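Top to bottom, those sequences are chains L, B and P.
All letters in the first sequence, in the order written, are residues 1 to 139 by the working numbering.
All letters in the second sequence, in the order written, are residues 1 to 139 by the working numbering.
All letters in the third sequence, in the order written, are residues 1 to 139 by the working numbering.
The set of hints was computed from the structure by calculation and includes no laboratory data.
This list has only true hints and no planted wrong ones.
If chains are identical, the list can't say which one is meant, so a pair holds when it fits in one copy or spans any two.
With a straight-line cut-off of 27 Å between C-alpha atoms, the simulated DSSO-like cross-links for lysine-lysine are: (1) Lys35 <-> Lys6; (2) Lys129 <-> Lys6; (3) Lys35 <-> Lys2; (4) Lys130 <-> Lys6.
Remember, predicted model here, so these are calculated numbers, not experimental data.
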Amino acid sequence: MKSYRKELWFQVPSRRAFINITPHVEECLRESGIKEGLCLVNAMHITASVFINDDEPGLHQDYDQWLEELAPHEPIERYRHNRTGEDNGDAHLKRQIMGREVVVAVTDGRLDFGPWEQIFYGEFDGRRKKRVLVKIIGE
Amino acid sequence: MKSYRKELWFQVPSRRAFINITPHVEECLRESGIKEGLCLVNAMHITASVFINDDEPGLHQDYDQWLEELAPHEPIERYRHNRTGEDNGDAHLKRQIMGREVVVAVTDGRLDFGPWEQIFYGEFDGRRKKRVLVKIIGE
Amino acid sequence: MKSYRKELWFQVPSRRAFINITPHVEECLRESGIKEGLCLVNAMHITASVFINDDEPGLHQDYDQWLEELAPHEPIERYRHNRTGEDNGDAHLKRQIMGREVVVAVTDGRLDFGPWEQIFYGEFDGRRKKRVLVKIIGE
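Only chain L is shown next, with the shape it has when bound in the complex (with noise of 0.2 Å):
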């Protein structure tokens, strides 16, 4: 069994953001040399996601936009997380609606996907550094 580890890491410069991290993730699973196996995409921060949808803008607002009717940013102390400081309790409610990950088949040395599928990281709480984990295994 082989196995494959990477971070990725993103800065975001507005609080919220969808970005298509697929190119990386095909990077990764050919540097790996991985032919069958699973690979894992996850979010290392709790107020970011990792999710698999399609790749057009229009769709990217409606899901902000329906998030923010989920679990509104405002007002702040609308969230007992706040107290603590923070002002991001919204954005660990918004990540579980989206995922933490995902868990892709790979197949003959590629991401075994359907005619749309695309990886997305959903940044909820943005203007920092924060991280993306790709681990593969298989042979």
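Given chain L's structure and the hints, the job is docking chains B and P onto it.
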């Protein structure tokens, strides 16, 4: 390490439905001959889910109604994504609540489940052929 | 390839609670002797979650209140599932928001975590014995 891959195809006649795919996944596991490992089951389309819950029709009606409250299908114009000519903006949101994939432990050649766990395909934009991927790795 | 399996049992005295199970999972990993691989941790019951977030009591209160807004426990009659004699319809919905499982990378014999990642058992229908499955594969 062994690996196994199969696509399951579904054509749901309605826009939305929940289908118990556990027997299909169990058949895949038998075909694979894998006794110890991990089984990934994921929707290959981004307007569908794979999730684990109870095979109880009342619950499925509850899910359907709840998801319609959280991300209504209409009005179509509610979603920027639908300006692309699609009418499935809601389906991309519903799928995030229910999830893309499940990872199930394989122990002694069986799906290692609690008493009521069953695997479902959740369709949110049906009436066409769509796929689920089953990937099993182990020994 | 090595594989390891253990069930963790919990009996939560209240209907709902969040329990940090990271030390239990770390102990499983030590017992397994696995240095490189993947660790799956999943609820074996369909009214409970396993998820990764912050060990901060205010945040857990925020989660509890938010989930009650998204899927209220009462009125019981709100859920068709409860016509079966259950009163846990809401728990099946809450669990979908928070998720069934996490997959954690294992690197150098440790859970490969970012700075604040902790694993939680989320109980939404407690007051009885319920289980979490830990399955680790690797070398």
